[in-house]
Amino acid sequence: MRIGTAKENYIADEALFDTNVQRGWMIALIAALIALPFLSGQYAIYLVCLVLINIVSTTGLNILTGFTGLVSLGQAAFMGVGAYIVAIMEIHLGTPFLLNLIVAGFGAALVGIIVGLPSLRVKGLYLAIATIAASVILHFVFANWTSVTGGVSGLSMPPASFFGSELIQPDQVYWMIMPITVIMLFGAANLFRTRIGRAFIAIRDRDISAEVLGIRLLRYKLMSFAISSFYAGVAGGLWAYFFRVITPESFPLLMSIFFLAAIIVGGMGSILGGILGAVFMTMVPEVLKMMVGVLSPIWPDAVAVMSPVRIIVFGALIIFFLIFEPEGLAEIWRKIRRFFHLWPFKT
Amino acid sequence: MQTTEVSNLKAPPSPQAAERDILSVEGLSLSFGGVKALQHVSFNVKEGSVTSVIGPNGAGKTSLFNSISGFYTPNEGNVNFLGKNVNKVAPPDRAEMGMARTFQNIALFKGMTVLDNIKLGRHAHLKTNLLEALCYFGPARRTEEALRKEVEERIIDFLEIDHIRNSSVASLSYGLQKRVELARALAMQPKILLLDEPVAGMNREETEDMARFILDVKEEWGVTVLMVEHDMGLVMDISDHVVCINFGQVITEGLPHDVQAHPDVISAYLGSGDVATLRKKFKAGR
Amino acid sequence: MDWLFFSEIGLAGIGTGGLYAVAGLAFVLIYKATRVVNMAMGELLMAGAYIFIGFSAGLALPVWISIPLTILATGLLGGVIERTIIRPMLGENAISIFMVTIGLGSVLVGLVEIFWGADPHRLVDFIPSDPIFIGEAYLSPKVGYGFAVAAVIIGLFLVVFRTWRGGVALRATAGDQAAAYSMGINVPKVFSLVWVIAAMIAAIGGILVGSIGGVSPSMGVYGLSVLVVVIIGGLDSLLGALIAGIFVGLIETYAGAYLGGEYKMLATFSLLVLILVVRPYGLFGTHEIERL
Chain L
1 MRIGTAKENY IADEALFDTN VQRGWMIALI AALIALPFLS GQYAIYLVCL VLINIVSTTG
61 LNILTGFTGL VSLGQAAFMG VGAYIVAIME IHLGTPFLLN LIVAGFGAAL VGIIVGLPSL
121 RVKGLYLAIA TIAASVILHF VFANWTSVTG GVSGLSMPPA SFFGSELIQP DQVYWMIMPI
181 TVIMLFGAAN LFRTRIGRAF IAIRDRDISA EVLGIRLLRY KLMSFAISSF YAGVAGGLWA
241 YFFRVITPES FPLLMSIFFL AAIIVGGMGS ILGGILGAVF MTMVPEVLKM MVGVLSPIWP
301 DAVAVMSPVR IIVFGALIIF FLIFEPEGLA EIWRKIRRFF HLWPFKT
Chain A
348 MQTTEVSNLK APPSPQAAER DILSVEGLSL SFGGVKALQH VSFNVKEGSV TSVIGPNGAG
408 KTSLFNSISG FYTPNEGNVN FLGKNVNKVA PPDRAEMGMA RTFQNIALFK GMTVLDNIKL
468 GRHAHLKTNL LEALCYFGPA RRTEEALRKE VEERIIDFLE IDHIRNSSVA SLSYGLQKRV
528 ELARALAMQP KILLLDEPVA GMNREETEDM ARFILDVKEE WGVTVLMVEH DMGLVMDISD
588 HVVCINFGQV ITEGLPHDVQ AHPDVISAYL GSGDVATLRK KFKAGR
Chain B
634 MDWLFFSEIG LAGIGTGGLY AVAGLAFVLI YKATRVVNMA MGELLMAGAY IFIGFSAGLA
694 LPVWISIPLT ILATGLLGGV IERTIIRPML GENAISIFMV TIGLGSVLVG LVEIFWGADP
754 HRLVDFIPSD PIFIGEAYLS PKVGYGFAVA AVIIGLFLVV FRTWRGGVAL RATAGDQAAA
814 YSMGINVPKV FSLVWVIAAM IAAIGGILVG SIGGVSPSMG VYGLSVLVVV IIGGLDSLLG
874 ALIAGIFVGL IETYAGAYLG GEYKMLATFS LLVLILVVRP YGLFGTHEIE RL
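Protein chains in written order, with our numbering: chain L, 1 to 347; chain A, 348 to 633; chain B, 634 to 925.
Treat the hints as calculated values from the structure; they're not laboratory data. Nothing here was measured: the structure is a model prediction, and the numbers come from that model. Any given hint might turn out to be false.
A few chain L positions that, by computed beta-carbon distances, are all more than 12 Å from chain B [unchecked claim]: (1) Lys-7; (2) Glu-8; (3) Tyr-43; (4) Val-122; (5) Ser-147; (6) Glu-286; (7) Pro-308.
DSBU-like, lysine-lysine: derived pairs with alpha carbons at most 35 Å apart [as the list claims (entries may be wrong)]: (8) Lys-897/B with Lys-123/L; (9) Lys-123/L with Lys-431/A; (10) Lys-457/A with Lys-335/L.
From chain B, some residues computed to sit far from chain L (all C-beta separations above 12 Å) [unchecked claim]: (11) Asp-758; (12) Ala-805; (13) Leu-905.
Glycine included, each C-beta is placed from N, C-alpha and C at the ideal position.
In isolation and in its complexed conformation, chain L is listed as follows (with noise of 0.2 Å):
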């Protein structure tokens, strides 16, 4: 236990930051991210806004895969889901972009929930391989309804329009993804202080004996998915009112495998880790691409590599820390954090 942490009463001690320093950095953190866009240029902006929705998505695939121990590789789709919804919302209807976010979260969690169903009776491998085929259906389905979606060339939507002022710019739209991103977030950490969460990470412990203690766990798994395709849904959504234009191309499986790199990299499990891996895992290519530019001029080759060598990185970071850290970036957090507590004591 650490020391200088007494706790008064047990509200203090269920806290979701329980010492003044984490409470601190919270505080900074969060002032940090409202004076982001008047301090930095509108590509730091752009990459900071991706980073954001990916964080909402990988949540969700954490609560899922890390907290529920059912893995998905259907968040891409699902994220596509909410994405379409929001487009065709934005084109044809023009409903404010909270209402459309919300309707698309909750149509990616419906779609979630039907694609969870075979989860009482198939598990672990299988499931993960039933929502491959979910991503292919939902796949084809994009492609092929062209009357709703667009078909293959896809749809473009207006941006958002807040009070009047249209949402164009990252800068812009960055009021739109941050605040969602930071109460999607303590939404998430929340449900791990009450028994949803707990039941969540007794279903992935051992789901036999978790029937035992009273927990159902056809409703436990099925809500599970749905918050978590609820998450991909507004990160989708997000994604939608960020780029503009959707194809059934915006969300191919290989995204889907991105997030489930995410939290292994980030840290199954832990609210933190999956924020960690998203952001790990999307600056790695910029931080590839920034290698290549100052590589170039001594090495011209270096741009016609940079592609492969980040499906490398991509695949090798996952096999890294599968095997020499599978509790991530979180937990390599959790150790220096240790060992600054004391510094320069030794524990």
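Given chain L, put chains A and B in place with the hints provided.
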């Protein structure tokens, strides 16, 4: 809400209730393919008692437990709990009715702390819905606070596990894990507690602690206990009623010492032979 | 209905199915012995096909030398994969290992792109090109000969699996790892061996598939169809892989011919969903009893 929970747990068994059967098993038969695990097993568990099921390895004790808690659907016969036939009731619903159990090979959640494991026991009795959970502030927080208070003050204190409340269960010794499992079962506010080999693999001191806890559960908490156990010493010391089964059938049942002295029980444990010598061996071993 | 067309499509479907069966065989072999669901099966096929290009076009070796060299090299690759990536994961939960193989697939794709670029390649033509007629129905020679080779490989494998001592060790390991270990079977060695053999089979599959349709780094998609095959057949059933391979090949080809190319995946994956709902452990798979 808190007051009702506490009073439920604290209620001492009333004298009349002691005569009532809280659980009755009638003609239970179960087979896996050609193997007959249970054949027409019948017995009753009186409210407020400690009833033990004994029998050699492979006699069908765990199958019996799994049928009572609803994992196996018996081919024939009934399980009645609180005067109601529960044959068609799924395990989670039996839990909600007040049936708690522990497992022979510990079924704790390895990824959670001791505290969270125990809190999980209350799952069926909490009402927090998804929206409240996501917001946390408000009803969810009040529920969690009340739960934490009760777990701390009634269960963790009682079982003397306050020093490990924030440890991960994977890091605990076998004896402590068994104790945490009991804590979790108690958090379920059970009316009956099914213990599957509560002291298997424990040393003498841990066994004695566990015996004390089981008796306290019966006397202070007013919870009926049904256990499967091999440790004859423990069974003889704390049981009010003993049922001996072998080859899936009830051989005999009754008071501990009557059962212990029963020739069929002795031969079930020690093989056939001259009953008098076997009896001597059997007693010497204890 | 044009029965000639129908039967020609059927033949082509069986031909395609034969190749699925080969890939499915390699998949089931790994699963049966090591309980690893190898999501990189398509990529392993791809690696085999590219290694063949390396020998036959890159080094300009004759086909009949390139083929055995490819098989050996891919086998070696399989062994290396087992030792470096799969072995450290022994004892981890099935889902972690499953994800390791996803990472592996990604690495293989990247490596292939570095050496050969992202564009599709054609393999050196070595399959006879005179048309085959079965009755009146025409069968593409590549598919026909591909099927014949596939059938021979499968037959050979089954004979070896049943009779050779190593095959017996393998089956023992598949049955119960701990028991096999205690009977003196060198389980880690069996694991390596299984990956080597499976990679060799994958190499043959890759060469055949590549000769028919060319190769590209996106060949991993082929692995998805193989996945459908083994799930339908049952993950741990060799016979299931063979039958389901043919079955999926037929379904896919008919869907492609009568409904259009975009329906191929839809058809096979809908079938997959149906199987998962009706018979989750596949047509011939073993239903594992859950222990408390």
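Hint compliance check: list the failing hint numbers for this structure, sorted ascending. Failing hints, ascending: 4, 7 and 13.
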